[in-house]
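S.K.: Now for the letters of each chain:
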Amino acid sequence: MKAPLATTASTLAAPALPTPAVPVSFGDHAVHGSVRLGDRNPRAPYFFLAPFLVIFALFTVYPLIQSIVLSTQQTYGPRSARFVGASNFITLLHDALFWKAVRNTVVFTCGSVFLQLPLSLGLAMLLNRPGLRGRTTFRLIFFSPSLVGLAFVAMIFGLIFEKRTGLLNVGLHRIVGFNPDFPWLQEYVMPAMILAALWMYVGFNMVYFLAALQNVSRDLQEAAEVDGAGAWHRFMHVTIPAIRPVATFVVLLSIIGSFQLFELPYVLLGGGGPDNQGLTVVMYLYQNGFETGDLGYASAIGWLLAILLGTFAVVQRLLAKAEEA
Amino acid sequence: MRRSKRDSRRRACGFLSFGGWSIVFLACVTTVIVVVWPIPRRPGLTMWTAARNHTLIYDPMVQKWNAHQTPRVNLYLISQDALARRMMSGFLSDTPMADVIEVEKQVAGRAFAGPIDDVGFVDLTDKLRSSGIYGELNTPSLGPWTSRGHVFGLPHDVHPVMLCYRADIVEAAGIDVSKIETWDDFAEAFRPLIKDLDGDGRPDRYALNLWHTSTDQIETLMLQAGGNFFDENERPTIDTDANARVLSTVVSWVEGPRRIAADAPEFTASGNQLRIDGYVVSSIMPDWLCGVWKQDLPQLKGKLKLMPLPAWDRGGRHTSVWGGTMLGIPKSSKNFDAAWAFAKNLYLSEDLARDLYATTNIVTPVKKFWPKAFYDVPDPYFSGQAPGRRYLRLAPDVPRRTSSPFNPLAKARVQDALLELRRYALEHSAFDPVRLHAEARRQLKIAEDLVREQIDRNVFLKETAK
Numbered sequence: 001m002k003a004p005l006a007t008t009a010s011t012l013a014a015p016a017l018p019t020p021a022v023p024v025s026f027g028d029h030a031v032h033g034s035v036r037l038g039d040r041n042p043r044a045p046y047f048f049l050a051p052f053l054v055i056f057a058l059f060t061v062y063p064l065i066q067s068i069v070l071s072t073q074q075t076y077g078p079r080s081a082r083f084v085g086a087s088n089f090i091t092l093l094h095d096a097l098f099w100k101a102v103r104n105t106v107v108f109t110c111g112s113v114f115l116q117l118p119l120s121l122g123l124a125m126l127l128n129r130p131g132l133r134g135r136t137t138f139r140l141i142f143f144s145p146s147l148v149g150l151a152f153v154a155m156i157f158g159l160i161f162e163k164r165t166g167l168l169n170v171g172l173h174r175i176v177g178f179n180p181d182f183p184w185l186q187e188y189v190m191p192a193m194i195l196a197a198l199w200m201y202v203g204f205n206m207v208y209f210l211a212a213l214q215n216v217s218r219d220l221q222e223a224a225e226v227d228g229a230g231a232w233h234r235f236m237h238v239t240i241p242a243i244r245p246v247a248t249f250v251v252l253l254s255i256i257g258s259f260q261l262f263e264l265p266y267v268l269l270g271g272g273g274p275d276n277q278g279l280t281v282v283m284y285l286y287q288n289g290f291e292t293g294d295l296g297y298a299s300a301i302g303w304l305l306a307i308l309l310g311t312f313a314v315v316q317r318l319l320a321k322a323e324e325a
Numbered sequence: 326m327r328r329s330k331r332d333s334r335r336r337a338c339g340f341l342s343f344g345g346w347s348i349v350f351l352a353c354v355t356t357v358i359v360v361v362w363p364i365p366r367r368p369g370l371t372m373w374t375a376a377r378n379h380t381l382i383y384d385p386m387v388q389k390w391n392a393h394q395t396p397r398v399n400l401y402l403i404s405q406d407a408l409a410r411r412m413m414s415g416f417l418s419d420t421p422m423a424d425v426i427e428v429e430k431q432v433a434g435r436a437f438a439g440p441i442d443d444v445g446f447v448d449l450t451d452k453l454r455s456s457g458i459y460g461e462l463n464t465p466s467l468g469p470w471t472s473r474g475h476v477f478g479l480p481h482d483v484h485p486v487m488l489c490y491r492a493d494i495v496e497a498a499g500i501d502v503s504k505i506e507t508w509d510d511f512a513e514a515f516r517p518l519i520k521d522l523d524g525d526g527r528p529d530r531y532a533l534n535l536w537h538t539s540t541d542q543i544e545t546l547m548l549q550a551g552g553n554f555f556d557e558n559e560r561p562t563i564d565t566d567a568n569a570r571v572l573s574t575v576v577s578w579v580e581g582p583r584r585i586a587a588d589a590p591e592f593t594a595s596g597n598q599l600r601i602d603g604y605v606v607s608s609i610m611p612d613w614l615c616g617v618w619k620q621d622l623p624q625l626k627g628k629l630k631l632m633p634l635p636a637w638d639r640g641g642r643h644t645s646v647w648g649g650t651m652l653g654i655p656k657s658s659k660n661f662d663a664a665w666a667f668a669k670n671l672y673l674s675e676d677l678a679r680d681l682y683a684t685t686n687i688v689t690p691v692k693k694f695w696p697k698a699f700y701d702v703p704d705p706y707f708s709g710q711a712p713g714r715r716y717l718r719l720a721p722d723v724p725r726r727t728s729s730p731f732n733p734l735a736k737a738r739v740q741d742a743l744l745e746l747r748r749y750a751l752e753h754s755a756f757d758p759v760r761l762h763a764e765a766r767r768q769l770k771i772a773e774d775l776v777r778e779q780i781d782r783n784v785f786l787k788e789t790a791k
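Residue numbers (our numbering), protein chains in the order written: chain A, 1 to 325; chain B, 326 to 791.
Heads up, a few of these hints could be off.
As the list claims (entries may be wrong) - Chain B regions said to be covered by chain A (calculated; three or more residues, Cβ under 8 Å):
#	segment
1	566-579
2	593-605
3	644-655
4	778-785
Simulated from the structure, these hints should not be mistaken for lab results. As the structure is a prediction and not an experimental result, all values here were calculated from the model. Beta carbons: idealized from backbone N, C-alpha and C, even for Gly.
Isolated chain B (complex conformation) (with noise of 0.2 Å):
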């Protein structure tokens, strides 16, 4: 017998629940009104940031540019690692950018990995030559954003590095920092203030805040030392004495009778509490970290110092370098002109300058406004000294940088010589710095081989060599 019509139309009621029926009209729906409402796109620029202190100095300049100037720009703040994603997947993937990106060094170095013509962000190098501003910008801040001769950003910083310490303990503790020279001078000045405090048996105080573990720090001073992981044809350069010197003395202040160092981490809870209590004496302290102890350690205001790096040798380098920000335009920009024209307003300003230093302590890179009298103004969170004074004579010194996308795989490899350098130490009981340095040397020559090994299996590397 043939079923009905209305026999068929029961059964496909019956298939769902009244229920059922409601959640599939539901999603229907909704993805219609998902599909069919437009998303509201703002006219003009779009700028992405990932620093929070950065907005806050960026965000009147915005408003003076869109009073004044069109297109008008938009200025987000998204999280560090959403704008690495983000950015990446646009270069990679064509997915929606913004049309000015401010990136930190080592997201940066990811947009570098590919072919030179696959590098997401524009050529900048003819138009800062032929602007004049190349001869404006301290050189070495250029470095991080060079990769193959090209370079892709304006510089937002220098980041020279100083030393930082506990004056309240050191001076109550008579010692005299301006005798203090190189890290050996330091080492034996600074040795007394390692104390057991609370009679268990283990110091509670050290002479400075490093570790094995603290990547960063060594890199830093790597560079002081003159050493460095590429060359200019960035082609890796781990295996040097300049670096050996350095892990050596690292291992010799970690561990062993000698030791001065220990660790309170940086960006936690529990190393700023160690920090309070003086559980390490000094820091290594580039200009931007001055900002973030300011916000995150109130309670040293008044008790610290800065001084110069102590060299590694007589008549060496007393700074360093530290991370770095840069600000790009990439390709996929509908407005390249006035993105360019927005971003030299806001780096090249002596408003950015100037506010940049109030809020975060952070140097500008564009040398004529270095003899800036905001920079000279002391500061009561150091003392009384003039940070920015200081770190600005240091500024030409800043050793030179490179952009290498294989940056983070050589620290990863200089790390790991360390900790194999340490385990050495302590199985031999060997902690002096001349005897580590043969197998210090030993172990960076595995790291290079390593990196090298990496870099020889990219393929797009070699098509750029050709």
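For reference, chain A alone in the conformation it holds in the complex (with noise of 0.2 Å):
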């Protein structure tokens, strides 16, 4: 059968030059059939290619090559900017506050990391045993805190974390004789920000593994309890291995989200919080460039992340690479 495309070649008005039959594949099947480039006009690609690439260049391209410039400059706003050389970021990596909000960035980074997704899976496990009743009531009940932004959350976990007449220290107060005037938001900043997204992203991500371990094979399953593997064997030589791909998406997007962590202790805190607990570098990013107006140091502090983190993407790589190997 003659592939459609020689028809579609054959009807645009092109001179017709000797030009060799090329192979051209249409999903698993190459089909010969007689496609002559030369009947093809040779701008055509890149006109489809266009409205992408002005779109790209206008939008991501000239932006980059915008904020590269801008972190050589001091900036009092869009009229006011002085050149300034690599000044940004010799003082940025001087800068004990920003070295402050990248530690506090991948401390909560880690806290979603090995807190939150451990309990995801082990929520997603629960959830798929078989003969669970009531499987979708409670998938609901652990999902429903991801369907309000991270604002709402802050604010009520901003009363929750109160001294005194907060929900928490009250109820462990007269539970356990708690100590009512525990600072949660004042010296414990990171575990109550950890313990806030915890609450709102645990059934989040508990949905993408169930997801994952309803797709593992139960003939696999089935198979090693026949060889004798325990309950605990199987997870690691079964079930980890075949959600492998998916508990890497949701590890990345984890990582990805935590780095990228403003709203939570912007509203809960109001801004770092006491000694700059809360502070991140977006955060630092924001307060550099539009309180305090200086976009040349926000943009310093954008590169500076964006190298920090394309090197722990090339490292973390290189490391997957060498394990495959």
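Build the complex: two chains, separate frames, hints provided.
M.R.: Written as structure tokens, this is what we have:
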């Protein structure tokens, strides 16, 4: 059967030049048709690519180049800008507050990955038990916190974590005599933020894991059981490898989301909080760019963060390749 | 075979479904409508404010102005954040702005960060001096609106500070506040009020509402003690004995065996409940906070009294300052003369002084209105005291402040210094202010160096200095 492309090609107005027949593949089937390249307008592909390239250049490439230029300037709004060379980057490398923000962000990320995800997986495994009644209801209950925005979560937990009158301190005081003045939002800011994020995202990640668990082959599980593998061995050697692609995706999503953290501490603490315990990289960037007006320094922060994350991604990729090898 | 025109049209129509084409059509039509539709603009001047209480007072005054004067004024109430963003956007990017803007101190400082010629407000220095208004105003009230010797706004207030206490609790304990002159006197006199009321081993009542995270109150105490963040030339003066003394004392008040203070945050429901419960017996109270408490804490009516702040030393200052608002005219205003006439009419009128005090307890910065009788009216909320007169007695002694755009940065660094000092006190079990003084100086030096580093980075201030 002639490929449709051959008919299409022959209808285009193009001079018939002696061109070789080239294989054209459609999905899994390579079809050898008489596609004559010279019959097509050679500029056609560029016309088709043009809209995307224009938008990409305008909204991605140009801002990127502009932000590099901006990072070498000190600004007070768009009109006042002075070239300062690498001064912003040099200052940033010695900026204790920036590194504090990086440290806070990394700690929060670790809390997300090492606390939230195992909890999500555990919940998913519980929900995946055969014969469980009300699975849909439980899934909705666990997933529903992620339906409200981070700003709402921050406001709710701001009230929960209040000293002396907050739900948590009052409840624990009544039950176990806990200190009602326990300063969650003054001295234990990071645990408070991790708890709030845990409440919001555990259900969200649980849904991914549940979907992955439901696709684990039951035959493999049964075969492993027949071979004498216990529950732990089945989990480590059957379940985990089967859900690894989804788990990798969820981990990556958590890391990216954690590094973009801004609304939760901004609404919960009104900024970085006492001793900047809740200051994150994006918040520091915002404070410098939009509160102080120094867009140049903010751009430098953005680029340094991009370099740090890029380095991390490269190292992770190399380690993964080494592991595969 | 050439495709027929009908086939081409059919292919084009088939590119999208009927629903898809409907959406495209609606999008195009609404785009045209939005672009072409004229935005209705009210004629006259526009004024922005972020204080709801102020609009209640300004509305009748604006209506009176509009009845007799031109151009008319349109008053808009917008949120503080929105006002700050629109103001900075207007200054930096020439987006539409009001003709008159009422700005709070923290927001106004951001307008002074760049080159002096780029400050978006009109320089009113010459106007104030030539018209004699400068001499009519309480001089310290101009400080926050003055940058590099130029005055950019009319002050709205003075904001002297007193100490507000639970008279029902204090007088029942037999404490005579007239004998209290210094903070040491206060700590000793009020210490017997610290009690465990429910038998759980933890105090349920403290003498003072203050915490190591109460940045505004700590700045207020520093100003009272003669400290400051910047000098007249806007160079940082954070590392001083006065500032160190305040930090050391605050640490001894919030931690250790001589603790007298607890945290009942202002502007929160939980803090209000703690005040009603008597968890904290006294609070640092600027005049504007009186109006807030009247609104939020009607349960405390008749239970409160005001006293001058205890001084840091005998014969020292018995007041401080907290907050502030100004009225500025952006350079983009199309009718400066009319805006200036309206601003003077609003801010320098006796009507405003009277209504502002009646509604919010805020005393005017215009000295010629200070003797007026409405400041002497007894207030049942404060157990029959006349708060206005009490605040005005202290008004001439209000400390000087600067308008440095680095003020928020300095406050944040001082906050860090205080937190480090507290950590030091807990690690070394050292809660005596005298023992903490050296460490306080060390932390304040670090804070000052960090602020100086940021100031020295600012190329625009260097250009102005040249």
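S.K.: Are there at least three residues in the segment 593-605 of chain B whose beta carbon sits under 8 Å from a beta carbon of chain A?
M.R.: That given contact holds, which follows from 6 residues of the segment 593-605 of chain B lying within Cβ reach (below 8 Å) of chain A.
S.K.: Against chain A, does the segment 566-579 of chain B show at least 3 residues with beta-carbon separation below 8 Å?
M.R.: violated (count 0)
S.K.: Confirm or reject the coverage of the segment 778-785 of chain B by chain A under the rule of 3 or more residues with a beta carbon closer than 8 Å to the chain's beta carbons.
M.R.: n = 4 at 8 Å, threshold three: holds.
S.K.: Are there at least three residues in the segment 644-655 of chain B whose beta carbon sits under 8 Å from a beta carbon of chain A?
M.R.: Check failed, 0 qualifying residues.
Checked against the numbered hints above, the structure violates hints 1, 3; every other hint is satisfied.
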